[in-house]
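Q: Residue strings, one per chain:
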Amino acid sequence: MSILVVFLFIGCMNYRANVGWSSPVVNDGNLYFATQSGDVRAIAIETGQTLWARSLKGTGKSRDQTTSFYGDPVVFNGDIIIAGYNGLIYSIDSNGDDNWVRKVSSNNIDSDSNIVGGVTVASNKLLVGSSDGYIYAFSIEEGILNWRFKTGNKIWSTPSFFEGIVYITSFDHHIYAIDLTDGNLIWKFKSDGAIVSRPQIIGDDLFFGTFGTTFYALNRKTGDEKWRFEDSSGWFWADPVIFNDMVLAPSLDGILYALDRSSGQIQWTLPVQSPIVSRPVIIGQKFALATTDGRVIVSDLKTGIEVGSCDLGKEIRSPLVSFDEYLIVTPEDGSLRLISVGSSGDLDEIWIYSLEEDFLSPGDKLWERAC
Amino acid sequence: MGFISVFFNVVLVDPMINILVMLYILCSENFGLAIIVFTFIVRGALTPLSVRQSKQFKAMGALQPKLKALQEKYKNDRSRISSETMKLYRENGVSPLGCLGPTFLQMPVFFALFWALRGTLPSTPENLTKLSDKLYSWLPGINQAIPIDDDFLGLSLGKITTDNPLPYLLPILVGVSTFFMQKSSSPPSSPQQESTNRMLLWMMPGMLGYFTLFFETGLALYWIVSNVIGIIIQGFVVGWSPILSIFSRSKSNDETESTQEDKQNLNGEENSDEVSGNDSKNGGRSDRNSVKRIKRRTQRSKNRRNR
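Residue numbers (my numbering), protein chains in the order written: chain V, 960 to 1330; chain L, 13 to 319.
Isolated chain L, as found in the complex (with noise of 0.2 Å):
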């Protein structure tokens, strides 16, 4: 455990602290500019695995229809409703391991850059003993930088939430943030899941927010310039229609239109290519790209088959 810690603490929080404080110099001795830029910078860094991801989960989201018939035709054998799910994913090359892969590595990132938030603004004069420690005196002026100048917009980036004016703000946009980073980046998910997807979609944004409460404002900021980031990559790589759709009042209606085509084309092998989810029902050109991509694939494995 130790070693892990270790490794942890040199590997990503010092590297990323020494980050902070480097970018704090060039930004003027911005502090808040020097989070918003780290932001994009990680945010950058983490773009091939996010992209990656939401295509993972734009695929996922062309097969729903198919899987949806699929439980409905073998809806009293679950093996087998197991079975031709992954026959499926296989075939149009989806792996829902392969979904939850980049989250789980852009984890430790994470964790990392929270800590590495709060070494570089020490709440406490014990945590400001330490910090002498993890910087790389060799880089120029970094001891003179310190401590760090924490005001932004008249918000003191290293005070906990509420201790700050307008002590309500960052929370909530914290929370909206979040809402509409899980809105634009929620996985596909079958109609069993779908009340507790619906149920996490506004749960976590109001625990979010709670808890910012609790943590630096410093958190807080870089916590809603990475979700307006990353709702910003979802719309370009997935399209903008999960984040309409929560303005759109005639969702409900297309998605019922599209279930009941669907089923119609998993019916009839024949017509399985007419595959048509939501998203290309609503999106743009890159949705209806991946679809066909899909049936490509589709095509190419039934050929295998045949020959």
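For reference, chain V alone in the conformation it holds in the complex (with noise of 0.2 Å):
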């Protein structure tokens, strides 16, 4: 019985560690973004190539370690932000050298800080959420903290900014409105689970979905509920994408929810097998979407009947990217693959950056073209 025992606990000693699904942010033509590995990157979008990469560490006795990146990068005046799991904020400038690194720690325990969510620029500050369940904002120059809010529960979210008011979901059910100047709570307001998704605001409506499987629509100003949808089996996890009346809704269920942006009504549904983590980017009148069974599909906004896809065959957690007619997917292989998409919905891919190979093109004998 023991030794069957130990047998057991020794295979399961390879438990998954953290991978991260941090995004690359696109400016200037260059590509930003944190590898598995621990690092910074640029590459240059058009010919793949890599521009400079610098490997982000921990401070004090985690100096050595890298880190797990979930929350996307920023770009502020040519500096690049991100946040790392290890509860680390770093400021980068444009040739991949420290402006500054800080600590996001409402006391001396590390694996209290752990950041999912990602960095929000707002006016001349830099908000993020941490797992002590804290909203931190630090002055984007300097690093230096101007405030912060306690909520109930870990934040895992991005906060959301608009007209100076912060919003930012927690694990403690409830969305928060905080005034951006001086961190004061506006409104609250309580939902019937878990948030992770970055609330989405146009005009005076605020969209988020929560763990209760209820997707939810709020006055932004006054944290009055508007309308909720509760036809979901599963979570929503990703963030939703708004596009003129319409509101894109992921669920974990495998099922992406059009809902009617002023009554919640149902416009269609589009059911694809597997939980969506990643955020859906909107491509002229079609939109594209990413599964956890990794393929891409690529719908019509108006009918959401699928006009093209790719099964990349690696998990995909990351946000999908895109620019012009052009998406970037970042596997849990740790690539990233700049996909063109057709005016008919078809998929090309262009280049793979893999992290060993540094990167290939379609000359290259190691290219697996996927699409």
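Quick caveat, the hints were computed from the structure, so don't treat them as lab data.
You may find that some hints are simply not true.
Unchecked claim - Simulated crosslink set (DSBU-like; lysine-lysine; CA at most 35 Å straight-line): (1) K1149/V x K1185/V; (2) K146/L x K1149/V; (3) K1261/V x K87/L.
Make one complex out of these two single chains by using the hints.
A: See below:
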């Protein structure tokens, strides 16, 4: 018995560690992104060549350890700012050199301050939520703490900002509206479950989904509920996307719900048979989404009918990124893929950036074209 | 392989995850209590198997003196030892495989429990995304209960034990409870196996305690509670003598006396009914009953042969 148990323990020691699902940011013809091996790289979109790579390590006792990245980087005045799972925020200049590094922590316990959401630039402040339950506001130039606001549980979402108000969701079932200048609470709304999706704002409306399988529309100024959608059987994890009068709400039940913005009525649904963790993107009159089983699907926005797809064969949880008619996909094999979306929805892989090989062009022997 | 994995998850792991979350809700969102209640439920469900196993061990224990004497008697004939041993087991209704059967039946449950605990307390964001798929959304309030608050007596049950305050307390408790569990449930062994068993008795708790350093605190809690329940069950079924013998200085003397007595019993066929083992010397009423049962079986078997 005991021997079998020991084998069990040994077998289970290879338990999956943090991988991260950070997506790239596009700026001035370059891509900036964090890799699974814990560094930030800049590559030229046109050629796929590496411009620079900067390894990001911890501080103090963990100064030799790399970290995972879940939130997307942002570019501000040419500087790249990104938050690591280790609770550190890194500001790097356009050449890959350090500006500053700040620790997000309400106390000295490292493990309580993991950052899963991304950073948001609001006026001259940098906003970030942490697993210690706080949302922090730093000055963007020097990384000095301006204020912090405590919620009742972990924050894994990226803050949203609109007209002087910061909106942040928390595992404590609440969404909070906070004054950007001083960090004081304006209103809060209690939902039916934990929230990790980033609130999306348009006009006076604010949208988010919960683990309670409900999708909400609120008045962003007062926090009053406008409508709710309760037909999903899975959690809402990915950020919703707004297009004209439609809200796209991806669910972990493997269905993308297109809801009417003013009433919450279903316009159409797109069942994809795999949980959707990745945020979809709009490309012209179409949209693209990625499933956790590794498919990239392009559909028509008006009808939801699938017009193109490609199976990368690797899990995808990173939000999709688009510019012009291109998609950037980051599957969990650590690669980065540039895919063009044709007018009819057909997908064509332009290049693969592989961490091991740096860059693979269509002429390379290792090139395995998925679409 | 894929089918086995799906079957394992759908039939064992997923139901366990849902039971754990529902217990968490019923225990006022205290996951430590939920794990303890869950351990009681699992142990309760496995009690018939555990009791059967304990009785087999006990019966084997009662036959040990006879086995030792057999080995002494036929020490130059290995095949005879083997055939006589099997004959003795058969006559007394003891099946060595019957002792291991319940253990093997319990293994899938323990495997599933391991993964259920890890699935309920995901250590990474990636793993949390998988939990939604495993929950039965028709259970009231189950989605609303996530994420699980893993705080219990100042410990974070979802964290690795060394990330908690008093990082070595739980590994030590796992080691100590495993030692007592092993001591109370070790099957009887021949003198050749004795040294191996003695080594395992000390090595296994050490190894398990060491492994606990790398696993979630919730698993350590489950293991400790499970061991304590197991020790209590063993105590009531087999008797407390194996545990008490740890503290008894006169144990070795008792063993010597009883072995000599058993040798005499085996050599004199007419006196073979007077089997007396260590347990009957030390133990309580249940030990004596067991020996009586074996005596009756032996007598019945003899009668059949005579007819």
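Q: Take the hints in turn and mark each one as holding or not.
A: Checked hints:
1. K1149/V x K1185/V: holds (14 Å)
2. K146/L x K1149/V: holds (25 Å)
3. K1261/V x K87/L: violated (88 Å)
The structure shown violates just one earlier hint, number 3.
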